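Asker: Protein chains in written order, with UniProt numbering: chain A, 1 to 387; chain B, 1 to 607.
None of these hints come from the bench; they were simulated from the model. In this text the structure is predicted, and so the values were computed from the model without any measurement. Using N, Cα and C, we set each Cβ at its ideal position, and we do this for glycine too. Honestly, I wouldn't trust all of these hints.
As the list claims (entries may be wrong) - Facing chain A, according to a computed beta carbon distance under 10 Å, are these residues of chain B, among others:
1. A230
2. P371
3. R484
As the list claims (entries may be wrong) - According to the in silico footprint, chain B covers these stretches of chain A (three or more CB under 8 Å from chain B):
4. 117-124
5. 342-356
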Amino acid sequence: MKILKLEEGSVNKESAVISLLPEDKEDLFTLYQIIDEEDELIFKKKFSTRKDEDSKKTNTDLVLLKIQVVSSEFDINDEFLRYKGKTVTDDTGRANAEVPVGKFISFTVNYSYPFTVIKQTFDKHSRQLLNEACNPEGKSDTAAVALQEGIAHVCILTPSSTILKQKIEYSLPKKKRGTDIMKYDEKTEKFYRGIYNAMNKYYDFDKLKMVILCSPGFYAKTLMEKVLQYANEDRNNAILNNRSRFLVAHCSTGYMQGINEVLKDPAYSSRLSDTKYSKEAMVMDDFLKHLDDDDYKSWYGETEVFKASELGAIDSLLLTDTMLHSGNIKERKKYLDLMDAVERNGGDVYTFSTLHDSGEELDKLTGIACILKYPLPDLDEDLEDFD
Amino acid sequence: MAYYSDQDDYNDDIPDFQDEAEFDDYLNDEEYDLINETFPNLKKKMTEENYIGWKNLDVKLALFDHDFDPEAAFVSLRKQFKKKKKVVAPPPAASLATTTTKKVTENLGKMNLKDGNSDWLDEDEENAEEDARRKAKKESEESVAKHYKKATVPKKPRNPIDIAKYLETSKPHLSFVVLGHVDAGKSTLMGRLLYDIGAVESGKIRKLKKESESIGKGSFHLAWVMDQTAEERERGVTVSICTSDFETEKSNFTIVDAPGHRDFVPNAIAGVSQADVAVLSIDCGTDAFESGFDLDGQTKEHTILAKSMDVNYIIVAMNKMDSVNWSQDRFNDIKNKLGAFFKDLGFYEDQIRWVPLSGFSGAGVYKSPYPTEQNWYNGPNLVSTLENVAQNVGLEAKKDVLDRPFLFSILELINSKKSDEAVVSGRVESGSIQPGEALTIYPSEQSVIVDKILSGRDKKQAQIATKGDFVTLKLRQAFPEDIRSGDLCASVDYEISASQTFKLQMLTFKMNRPLLPGTPIMLFRGVVEQPARITKLVSIVDKKDPNVIIKSKVRHLASNQAAVVEIELTEKKRQIPMLRFDAKKHLGRVVSRKDGRTIATGKVLDL
Ligand SMILES: Nc1nc2c(ncn2[C@@H]2O[C@H](COP(=O)(O)OP(=O)(O)OP(=O)(O)O)[C@@H](O)[C@H]2O)c(=O)[nH]1
Ligand SMILES: [Mg+2]
């Protein structure tokens with residue numbers, strides 16, 4: 001993300017006026033998290049207009065507009081972020097020059113034109129997200145292919161999301177007759193070829209941090225060999241020069257759950273350690289482990305977590321980005337204060353992206369959970385009346 | 001040879017085809033394969049480029065006329081057909097950078113604000129188009145199987161036969177899955193069995209022996225009867241299940257050889273789902289039994305799977321007895337330990353048989369006698385034991401034929417050269433079927449006609465298939481592109497549901513992480529495997545009496561608990577067809593795994 005201008009406190013004490021230009025889908029995601037309802041946007045939008053009634057010729061022009069955000073729509077797969085809002089008066093008079101106030105208009109964020117966000121409350125969390133977005137390091141993606149016999153999932157892990165780029169599926173003939181085996185070998189070859197082609201199509205090997213190939217049995221290893229073989233045949237330098245970025249790993253399934261198994265597997269943690277998603281996967285697993293041990297250190301649900309925080313007992317706070325993007329400013333403030341409190345008491349805060357598997361898991365689990373510094377067996381005591 | 005042939009007499013040879021099927025029938029095998037290689041891509045291209053008015057036959061004819069060259073065929077198709085009128089995409093924003101703001105605002109005032117009543121300034125094409133594109137993409141990504149014409153009126157068999165009479169005279173059929181820890185000698189035992197019974201010729205065994213010795217795997221030559229892929233042979237490990245039919249005087253059998261390696265448990269599950277009973281192979285060698293029997297060994301996991309998938313009969317093949325000199329002490333020692341485990345799982349003694357044998361030498365398998373060291377066991381050998389069991393299972397199966405709906409699970413879709421024909425192999429789960437009758441395939445809900453039934457090792461045509469039989473069905477009026485292994489077939493007057501979400505009564509095993517709302521799992525029903533997620537923990541119930549609710553606010557589900565839960569499939573693409581457990585036990589049973597462990601079994605309560 002490029003920040004062109006950042007001016008704080010000009011509208012009110014907590015406000016900020018930020019001119020910025022997003023550069024990739026991660027930036028879109030950051031914006032999606034930062035921009036709330038009631039924030040204001042100033043942007044240029046093109047309009048096609050007919051010169052006069054009967055001429056066929058149209059003019060397309062850029063208009064400077066200012067809106068107050070009413071709703072947003074986001075899809076990371078499509079790299080798509082659109083805001084809808086109502087036009088408001090612009091004190092500078094530059095925007096909305098000919099447009100009445102109170103009209104609805106939409107704005108699809110693009111990578112070509114900078115625009116301006118006027119945030120009413122520019123809090124610590126937003127500031128941090130923006131800072132991270134401006135730092136190209138740690139933003140690079142990891143590629144992952146999970147496979148098993150006849151099925152492969154070609155994915156990309158960005159800091160904020162797991163994206164399935166292509167699913168490859170070949171039904172292999174069951175073994176029975178000699179001719180089937182020939183067909184089997186042929187199809188298997190096509191299967192690996194298919195994965196190789198998908199990898200070339202969707203992966204930019206020079207920019208990737210790592211390429212994980214994972215499977216039960218020997219499929220990942222065979223894939224690695226095949227990929228190198230094909231790359232040699234094709235003189236595919238993008239792959240040949242980046243051999244060292246490949247990691248062949250073991251997991252129990254060729255479905256996308258296999259990738260998460262690798263992320264939380266301590267055997268690979270040294271190679272994955274600085275990635276946000278493997279940290280998320282591991283914290284989640286730690287949370288589950290305490291739950292399984294029944295040591296009263298893991299709790300989930302809003303009431304329980306807030307209670308634990310009041311006692312200063314939280315070691316790790318797990319919450320999803322959706323909690324911080326609830327639209328309701330009061331709600332949001334509540335969670336920001338919680339994060340502050342946990343950190344003040346020496347705990348760690350992990351915000352999970354719901355576009356990753358562990359984030360989705362946490363989201364279904366009320367979206368908020370914690371691991372305590374010490375056991376609190378009766379944390380849900382007054383809540384037990386449900387039983 | 002030239003690509004284009006202008007000779008008139010050449011063209012005269014090609015008849016006018018009424019439809020695609022007729023054309024497919026006309027092609028020879030080689031041409032048919034070529035068409036199938038080139039057709040899908042070209043069809044896709046025609047669709048993607050918005051050509052309209054064409055049929056599959058046009059595309060195939062074009063390919064045929066242009067020697068299967070897709071480029072050339074496309075050129076000719078382009079001339080034949082028109083494109084759908086397409087809205088021109090707006091130029092990219094960047095190219096407009098030079099326009100000035102001032103002038104526009106005037107135009108804006110003129111143009112968009114005329115309609116003063118609208119609250120929307122920009123119900124513009126750009127938005128509409130973008131939305132349409134995204135919507136189309138979503139739909140194609142999430143498309144659920146198409147639905148076809150579904151018949152409801154049964155069709156009479158072509159040459160009806162008297163089912164009751166047939167049942168009186170027919171041999172019983174038994175299918176058994178061979179389970180056990182990796183390297184327990186399962187494939188060797190099955191290779192031996194097929195060889196001794198005469199289902200595999202000695203010439204073939206000689207050939208396998210030579211080939212296996214040449215890569216230093218001589219001891220695996222019998223296993224190679226079952227292990228046929230290069231990977232399996234080089235590594236000496238079975239990967240996928242291998243089914244095989246054989247026949248004795250008294251019964252018909254289907255063997256399902258399962259892999260023992262922990263990574264391939266999903267395939268073993270597919271194997272168990274096809275079996276009436278299990279043969280559990282135990283390596284009786286020193287320390288070998290112990291390593292397969294410990295917590296993470298597959299001896300236990302396989303047995304638990306079999307038990308939870310309603311396999312109620314286990315024949316323990318006490319294998320590799322030659323390696324411990326047929327020691328009776330070793331036999332009894334293992335029998336005691338395993339026996340206690342079976343009991344814990346809820347097996348009764350009369351559901352278990354124990355046979356000492358050596359798959360490698362053949363002693364105790366079929367007709368090969370035991371060596372003199374074995375002077376303490378007088379019971380039946382493996383094949384006789386199987387025949388006895390077949391008798392019982394066969395009698396039970398026969399009760400499930402008359403007046404029962406025909407149900408069939410598809411294990412494999414076999415390639416057919418004809419476009420409206422589907423060839424499927426699978427197992428009759430209840431009732432019976434005869435050529436000429438109609439059935440419906442789920443979840444695609446296409447109704448088809450049974451043209452032929454093929455059964456047995458040599459795929460002989462049969463007049464009928466009944467519950468328990470493994471057969472291949474040739475179906476007409478079918479859409480094979482929408483048939484998958486794991487699909488279910490039923491008589492046209494019987495309804496099967498398929499769903500994305502359902503309610504299970506679940507029994508958890510030993511787990512090392514609890515189950516919570518949101519926990520991702522892998523779900524298995526028969527040979528189908530799908531990622532899924534727990535959406536709700538409804539209640540914890542009594543293991544002995546699931547009607548007794550122990551707790552209804554459930555925070556998490558731990559090991560060895562019974563509970564009612566709600567599940568949702570993660571992928572939207574395809575639903576799993578299944579029945580409620582109370583309607584058909586075998587088709588309403590699921591197993592779930594997570595992180596490479598079998599964690600729970602479930603009965604479908606509702607879907
Ligand atoms: N001594 C002895 N060795 C045997 C016997 N049966 C099999 N073996 C050996 O055990 C090894 C494994 O045999 P397989 O038949 O491949 O075992 P499996 O159970 O099918 O293995 P997976 O399918 O990979 O789980 C081979 O080296 C066989 O030669 C037996 O009866 N006696
Ligand atoms: Mg084997």
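Asker: Compare the structure with each hint and give your call.
Answerer: The hints, checked one at a time:
Taking 10 Å as the C-beta contact cut-off toward chain A, the hint placing B:A230 at the interface holds, the least distance being around 7 Å. Interface restraint check for B:P371: the shortest CB-CB distance to chain A comes to about 33 Å, outside 10 Å, so the restraint is violated. Annotation: B:R484 was flagged as interfacial toward chain A, and the flag holds, the nearest CB pair being 7 Å apart, inside 10 Å. For the stretch 117-124 of chain A, the assignment as covered by chain B is violated, since 0 residues bring a beta-carbon within under 8 Å of that chain's beta-carbons and 3 are needed.
Taking a C-beta to C-beta cut-off of 8 Å, the stretch 342-356 of chain A contributes 0 residues in contact with chain B, too few for the three needed, and the coverage statement is violated.
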